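First to last, the protein sequences are chains F and A.
Residue 1 is where the first sequence starts when you use the working numbering, and the numbers rise one by one after that.
Residue 1 is where the second sequence starts when you use the working numbering, and the numbers rise one by one after that.
No lab work stands behind these hints, which were simulated from the structure alone.
List of simulated lysine to any residue pairs, SDA-like, C-alpha gap at most 20 Å:
(1) F:LYS53 / A:LEU194
(2) A:LYS16 / F:GLN43
(3) A:LYS199 / F:GLY38
(4) F:LYS58 / A:LEU194
(5) F:LYS53 / A:GLN170
(6) F:LYS53 / A:ASN166
(7) A:LYS199 / F:SER42
(8) A:LYS205 / F:LEU45
(9) A:LYS205 / F:SER42
(10) A:LYS16 / F:SER42
(11) F:LYS53 / A:ASN201
(12) A:LYS199 / F:GLU39
(13) A:LYS199 / F:ARG40
(14) A:LYS255 / A:PRO266
(15) A:LYS205 / F:ARG40
(16) A:LYS199 / F:LEU45
(17) A:LYS205 / F:GLN50
(18) A:LYS97 / A:THR64
(19) F:LYS53 / A:GLY198
(20) F:LYS53 / A:GLN192
(21) A:LYS199 / F:ASP13
(22) A:LYS199 / F:SER9
(23) A:LYS199 / F:MET12
(24) A:LYS199 / F:VAL33
(25) A:LYS256 / A:ASN295
(26) F:LYS53 / A:ILE218
(27) A:LYS199 / F:SER8
(28) A:LYS199 / F:ALA54
(29) F:LYS53 / A:GLY197
(30) A:LYS205 / F:GLN43
Computed spacing ranges between beta-carbons, pair by pair:
(31) A:LYS262 / F:LYS70: 49 to 55 Å
(32) F:ASN69 / A:THR64: 52 to 58 Å
(33) A:GLU216 / F:ASP77: 16 to 22 Å
(34) A:VAL176 / F:ASP77: 36 to 42 Å
(35) F:ASN55 / A:LYS255: 42 to 48 Å
(36) F:ASN86 / A:ASP172: 29 to 35 Å
Examples of chain F residues toward chain A, derived with CB under 10 Å:
(37) PHE37
(38) GLN43
(39) LYS53
All of these numbers come straight from a predicted model, not from anything done at the bench.
Glycine included, each C-beta is placed from N, C-alpha and C at the ideal position.
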Amino acid sequence: MSSNQGISSELMDLIDLEDVEAAILFRIDGNVVESYFGERYSQELLRTIQWCKANVEKVSLEMKTNNLNKVTYELNDFCVMFFVVNKVSILTAVATENINLSLLSIEAKRKSQIISSFL
Amino acid sequence: MTNIDRISSGIEGLDKLLQGGMIKNSINSVVGSSGTGKTTVALAYVYQGLLEGDHILYLSFEETPSKLIAEAESLGIKIKEISSNYNDLIHLVESEKIVEFMTNILPALAQKLKHKNVKHTRIILDPLTPILWEFPSEKEQRKVLTKIYHHLSSLGTVLQTIEEPNAFGQTDIGAVETRVPIYLSDSVIHIQNLGLGGKYNRTCKIIKSRRTAHHEGIYPLNFVVGQGIVIDTSSIPDIIVEPLATDTRYLELMKKVKEMSKDKDPKKRIIAQIAKNLLGDREKREDTRSIDLVNVLTDPQVLQEVKK
Numbered sequence: 001m002s003s004n005q006g007i008s009s010e011l012m013d014l015i016d017l018e019d020v021e022a023a024i025l026f027r028i029d030g031n032v033v034e035s036y037f038g039e040r041y042s043q044e045l046l047r048t049i050q051w052c053k054a055n056v057e058k059v060s061l062e063m064k065t066n067n068l069n070k071v072t073y074e075l076n077d078f079c080v081m082f083f084v085v086n087k088v089s090i091l092t093a094v095a096t097e098n099i100n101l102s103l104l105s106i107e108a109k110r111k112s113q114i115i116s117s118f119l
Numbered sequence: 001m002t003n004i005d006r007i008s009s010g011i012e013g014l015d016k017l018l019q020g021g022m023i024k025n026s027i028n029s030v031v032g033s034s035g036t037g038k039t040t041v042a043l044a045y046v047y048q049g050l051l052e053g054d055h056i057l058y059l060s061f062e063e064t065p066s067k068l069i070a071e072a073e074s075l076g077i078k079i080k081e082i083s084s085n086y087n088d089l090i091h092l093v094e095s096e097k098i099v100e101f102m103t104n105i106l107p108a109l110a111q112k113l114k115h116k117n118v119k120h121t122r123i124i125l126d127p128l129t130p131i132l133w134e135f136p137s138e139k140e141q142r143k144v145l146t147k148i149y150h151h152l153s154s155l156g157t158v159l160q161t162i163e164e165p166n167a168f169g170q171t172d173i174g175a176v177e178t179r180v181p182i183y184l185s186d187s188v189i190h191i192q193n194l195g196l197g198g199k200y201n202r203t204c205k206i207i208k209s210r211r212t213a214h215h216e217g218i219y220p221l222n223f224v225v226g227q228g229i230v231i232d233t234s235s236i237p238d239i240i241v242e243p244l245a246t247d248t249r250y251l252e253l254m255k256k257v258k259e260m261s262k263d264k265d266p267k268k269r270i271i272a273q274i275a276k277n278l279l280g281d282r283e284k285r286e287d288t289r290s291i292d293l294v295n296v297l298t299d300p301q302v303l304q305e306v307k308k
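Using the sequences plus the hints, can you model the full thing?
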């Protein structure tokens, strides 16, 4: 399996979790390496993802400065979780507010470790 | 708003966003950065025009006709099948002749076509950006464009493409290069490549559309072989509210319901609450059925029956 296929498959797995609407691997400059989305198109989700893209650089700097592995935000009725994958990439999961945060946290952490092995 | 003569854009979904298509004899702009699909929109517009028997005047300021036709063919827009002599449709205006063309030749051409009694012409300026470069000051741009638009809109419906500046991945629709044509256009369609992947990669938004209650959202846009570009409007409810008519009814009913909710009779207060829930949020209303239902609920005869 190529690294690209591996990353895709991990993101697809994350999307399969109930209430997860988007799983995106960002480069810390805001560029998208790979992304997967739930089936339903939502303009609110688009706004949230655009916010993630615009702020991923700031968030990653904050995480690096404060030695954080995970950061969670709640905005536009969505819950956004950032997970450090390596020095240059961040895994982002966007879920509805009904999400089981502990479960998402465990899964996203596991996925970020697997993805880091592909990079 | 409903009796305006409109033409189909040839883009699936765009006519729905524009409440039926582009207004005849209007100036329409497609704004987007490189590679977003502006020329494809223009080619689909040409194709639709050919299908409807319109006269076509495609002024290309960069690409040769053969290159444009090849681009159309690669997306399955079969302009060649309908019009074998595409050189009559698409005209390349060389950069050194732009000023002369726009200020002298085009008005003369417009007059000539008018006298020919052509039913309707679809005019495409692709892209408008080189013309704007020839007139760096906004004042001059405004003067020249107003004159051009005056001639062209008397001739037919104009679709122009405008390059949106893109610096380090950040686009700017309010940049100096786009400001004047956007200001003068009747409708502006903004297409973007957000680079998010999947259905959130390319999007379309109507920035403005005069005399049209257009949809305000951001909609996914895809390249589809055979159709060119398709805008996914499945998130829009099929039933479109007639704003003026139902809003008056809505406001009247809300007033009635408010009065009922203060009534001494608890039954009436319950009915008022049901009616209020049925009417819902003014912005989120999707059809007129709830209004009809509340109309029945608040009818004095029905209330009398309830009381009995």
